[in-house]
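S.K.: Sequence:
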Amino acid sequence: MTFSDWIRKTRTSVRERGPVDGLREGGYELYIGGLRRLNKFYPGTTNVYDREWDVLLVLDACRVDVIDEVADEYPFLNRPDELVSVGSSSIEWLENTFTERRRDEMKRTAYVTGNPFSHRVLDDDSLRKLDEVWRYEWDDEAGTIPGRPITDRAISTKRELDPDRLIVHYMQPHFPSIPDPLGGGMNAETLGEGAGWEDPWDRLRKGELTRERVWRSYRDNLRYILGEVELLLGSVDAERVVVTADHGNAAGELGVYGHPKVPIPSIRRVPWYETSAEDTGEYDPKQDTERSARDEGTVEEKLSALGYL
Numbered sequence: 001m002t003f004s005d006w007i008r009k010t011r012t013s014v015r016e017r018g019p020v021d022g023l024r025e026g027g028y029e030l031y032i033g034g035l036r037r038l039n040k041f042y043p044g045t046t047n048v049y050d051r052e053w054d055v056l057l058v059l060d061a062c063r064v065d066v067i068d069e070v071a072d073e074y075p076f077l078n079r080p081d082e083l084v085s086v087g088s089s090s091i092e093w094l095e096n097t098f099t100e101r102r103r104d105e106m107k108r109t110a111y112v113t114g115n116p117f118s119h120r121v122l123d124d125d126s127l128r129k130l131d132e133v134w135r136y137e138w139d140d141e142a143g144t145i146p147g148r149p150i151t152d153r154a155i156s157t158k159r160e161l162d163p164d165r166l167i168v169h170y171m172q173p174h175f176p177s178i179p180d181p182l183g184g185g186m187n188a189e190t191l192g193e194g195a196g197w198e199d200p201w202d203r204l205r206k207g208e209l210t211r212e213r214v215w216r217s218y219r220d221n222l223r224y225i226l227g228e229v230e231l232l233l234g235s236v237d238a239e240r241v242v243v244t245a246d247h248g249n250a251a252g253e254l255g256v257y258g259h260p261k262v263p264i265p266s267i268r269r270v271p272w273y274e275t276s277a278e279d280t281g282e283y284d285p286k287q288d289t290e291r292s293a294r295d296e297g298t299v300e301e302k303l304s305a306l307g308y309l
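Mind the numbering: the sequence shown is residues 1 to 309 in the UniProt record's numbering, read in order.
In case anyone wonders, no lab produced these hints; they're calculated from the structure. Be aware that one or more of the hints could be misleading.
Stated by the list, open to error - Listed below are the simulated DMTMM-like cross-link pairs for lysine to aspartate or glutamate, each with C-alpha atoms no more than 25 Å apart in a straight line:
id, residue 1, residue 2
1, Lys-261, Glu-160
2, Lys-129, Glu-100
3, Lys-129, Asp-81
4, Lys-261, Glu-198
5, Lys-206, Asp-65
6, Lys-206, Glu-100
Claimed, not checked - Pair ranges (Cβ atoms, derived):
id, residue 1, residue 2, range
7, Asp-123, Pro-19, 41 to 51 Å
8, Tyr-283, Leu-38, 43 to 53 Å
9, Thr-46, Asp-162, 19 to 29 Å
10, Thr-280, Thr-12, 54 to 64 Å
Just so you know, even glycine gets a beta-carbon here, dropped at the ideal spot from N, CA and C.
Let's have the full structure, built from the sequences with the hints guiding it.
M.R.: Here you go:
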């Protein structure tokens, strides 16, 4: 955002919200804009390709402390560690993970993803396999993509293709929360129009929700997706599995909320739990033979539904 863009946006905010709230929003945007300029200088980042793993399970926007809170409920989360992510947002993580330098490793990698930013960075020729599940399993009512289609496609990919490396990118615990939506996601009528759902982190910043309320919804969404992780771990064979995140979330640290592209530890620090997987053969994934991929023009609508635009 340029300075002139900021002026225009602030004027609109003042007109729509009144001078106090409008200027407060403008001040926040100016502050975030200043922090963004420092983002590329964040020290100590680690590309996941520099670590050893066979299957990498990426939980979108998962804070280190929230997964620590529930770790004792899941036996596979018994080896805690963390790293500094290469990005403060999904698009930044993708751009800095799948680089030209990693071309050979990417050609041995299958990527099953629910994150719509994949279309801006990757194509079918980038990897051994690219399965953009968000294109055909999006849930309009929830305003996101649930975990089960990702789990099913990941299991099928591992069993049928058995790539050297498999990355599975879940959208949870990123809001909207499936078990506790705090007003719900965007539906088919409002999708992409900026109505029907507002990021709970922004609502927390504005005082519309308490931290306890937002944190409970966030934590429940994490438990929801860890249930999918548990199912996957019993449905594939892999010696080295890692549960991690692309980035974290800010909950008021340094006055920041959510995950704008800013260099602060609550966003850049991500969990790194090592475990293993063994296929019991008890679960058969759903095979969807009638995928209804939407027009390319609706990609931005999906990003908007997740609060990215």
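S.K.: All hints are to be evaluated individually against the structure, with a verdict given for each.
M.R.: Now the hints, each set against the structure:
no.	hint	result
1	Lys-261 - Glu-160	violated, 37 Å
2	Lys-129 - Glu-100	holds, 17 Å
3	Lys-129 - Asp-81	violated, 29 Å
4	Lys-261 - Glu-198	holds, 19 Å
5	Lys-206 - Asp-65	holds, 23 Å
6	Lys-206 - Glu-100	violated, 41 Å
7	Asp-123 - Pro-19: 41 to 51 Å	holds, 47 Å
8	Tyr-283 - Leu-38: 43 to 53 Å	holds, 45 Å
9	Thr-46 - Asp-162: 19 to 29 Å	holds, 26 Å
10	Thr-280 - Thr-12: 54 to 64 Å	holds, 56 Å
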